[in-house]
Amino acid sequence: MSSNMRWLILGAIFLAVQLSASALLQSSQRRSDSLEGLGQRRAREQKSGMPDDRRREMDEYDERLVYRQVDERRLSPEATERREEEVRAEREVARRQEPERRESNRLERRLSREEEVRGDRETKLTREVSRREIDRLERQSNERREEVRARREEAERRLSREERESRHTREVARRGETARRESNRQERREDRRNIREQREGERRFVDSSRRAEVRREESRQEREVPERREESEISRREQETERVRESGIERREDSLRREQRQRQERVSRERVQEEREQPEREERRLEREDEPREMRQLEREQDRRQESQLKREQSRREDRQMEREDERRMEREEARRDERRVERAEERRDDRSEEREEKLRVELRMERKEDRRDERAEERQVERQEDREDERRVELRMERAEERRDERREEEGERREERDQERRNEREIQRRQEPVRVDHRRESNERELERREIRALTRNTESLRTADDRRQEQYDERLVYRQDNERTHNRDMARRVNERREERREGRREERHEERREERREEHMEARDEARDYKLQEQRLNERNIEQSKQNSERRERNLEIREFLPANHQSNWTSCGKRELFIAGQVLLMAVLYAKSSANGKNFGYAFIANPVYK
1 MSSNMRWLIL GAIFLAVQLS ASALLQSSQR RSDSLEGLGQ RRAREQKSGM PDDRRREMDE
61 YDERLVYRQV DERRLSPEAT ERREEEVRAE REVARRQEPE RRESNRLERR LSREEEVRGD
121 RETKLTREVS RREIDRLERQ SNERREEVRA RREEAERRLS REERESRHTR EVARRGETAR
181 RESNRQERRE DRRNIREQRE GERRFVDSSR RAEVRREESR QEREVPERRE ESEISRREQE
241 TERVRESGIE RREDSLRREQ RQRQERVSRE RVQEEREQPE REERRLERED EPREMRQLER
301 EQDRRQESQL KREQSRREDR QMEREDERRM EREEARRDER RVERAEERRD DRSEEREEKL
361 RVELRMERKE DRRDERAEER QVERQEDRED ERRVELRMER AEERRDERRE EEGERREERD
421 QERRNEREIQ RRQEPVRVDH RRESNERELE RREIRALTRN TESLRTADDR RQEQYDERLV
481 YRQDNERTHN RDMARRVNER REERREGRRE ERHEERREER REEHMEARDE ARDYKLQEQR
541 LNERNIEQSK QNSERRERNL EIREFLPANH QSNWTSCGKR ELFIAGQVLL MAVLYAKSSA
601 NGKNFGYAFI ANPVYK
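Quick note on numbering: the sequence shown equals residues 1 to 616 in my numbering.
Everything labelled a hint here was simulated from the structure, so no lab data went into it. Any given hint could be a false lead.
[Stated by the list, open to error] Straight-line Cα separation of at most 35 Å, DSBU-like style, residue types lysine-lysine; simulated pairs:
id: 1; residue 1: K311; residue 2: K369
id: 2; residue 1: K550; residue 2: K535
id: 3; residue 1: K359; residue 2: K369
Computed from a prediction, not measured in an experiment: that's the story for all the values here.
Start from the sequences, fold in the hints, and give me the full structure.
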């Protein structure tokens, strides 16, 4: 028993040694592979800056080196020694051929110098070609500038044409709107006249019936006490006078409120107009300070035209306001006449016709409210149209300012190009005026520099620009970007202010509150539905858990019933030993069988373990 235990311990030690050795071999292999990959990557990085033919040679050399390393790993020591001898022989041959290669390189350099000396004529031709190329590029830039100027003029003409068309469409819309308002007013007057005639006929019929009733009542009251008749007549007259007095007070209060509201709207409109014109004046002043005298004069003329146009628009607005006030005055007079007629009718009417008179007043009030609502809608539409015109005017002004800045920038670029061209011409003249010295190295360097300049000129015309030009362009781009951001911010702020003003005017606050209440109600309903779904899910999960627990309990009872029929030693072994212990025991038993097999075959345990294909 002790010898078997000793052999088992020895087998376990062999197993641990084999595992550690395999792990070390794998880690060293990975490290060598990673180092080899790193070296290849560095070699690739170094080869990326080489010419194509040299890079191709290095790739072929690397490939041959890799194949050779693989072959050396596979070959025996004798083959590796033979390979080393071949490499030494190749190096010896290369060392012997080194002087011949140097001599050939020297001859090639001398031939290249002779070719450079003979290449003066070619350099002159290349200079002529470069001059022609520069002239061609200048012509192209001039053509591009002409195209830009033509496009700008076309855009200005298009904008002026669109402005004229928009003005014409606005005038046509205004005329149609006035005609529509006049037709609506005429229709409302006809409707009022028809209603008035109909009610007059009803009144006549009611008055005739009432007179008959009054006669009957008077004949009846003549037979009654005269004092009671006098008291009822006095009370009726007092009620009528009180009613007339209250209606007159209400009319006066309504007229005072209307006049105060009109005054406040006029003051707020003038203040808004001044606030709109203030940034335009400030911007005009800044542009006037930046631009030269001719541009200022043009701007002054444009400002005068705009001011005259604004004055004409202001006078038109005042005329429209006067027309509206005249219309309101006529409507007030008509309302007063209607009220006087109603008062006269009230004096002639008795208690039975009060309900009909109240209905008539309500209808008249509703008609006036509709008229006021239509007038307010028309005023709002006119104000919106004026706001759009102001915004369009501001945008046109900003676009013209941007175009002027672009023109200035192009002119500055042209001046820089001219200055650079003048400097180049001066250098060329100085170089031609210098005495001729026979210095082949300097001439070759100058020719190389000229070739590089010609290549740069033909490759990319953008290389003519200096660092100052690029810095100025970047500054201009940042300035334009910032101005665009400020313009969009101001436009968004103005739009938000107008939206809030429109919401306040149209009374959408209650609608928004109602929408929010509806949204909250919907959210509450959704939350309640989600809570109900969550409760249902919990209920289903609890039911599933209860069902699972029932199945587990039934399975447990069934297993207990099965174990009752098993022998006692089987139950004790199965319950006392776990799966891990059983697995370890199986491994130990397998090692013992392998050791017995290897000892029977006359081999040691370690070799048998390595030779076993199961553990490879």
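For a quick check of understanding: which of the numbered hints are violated here, in increasing order?
none
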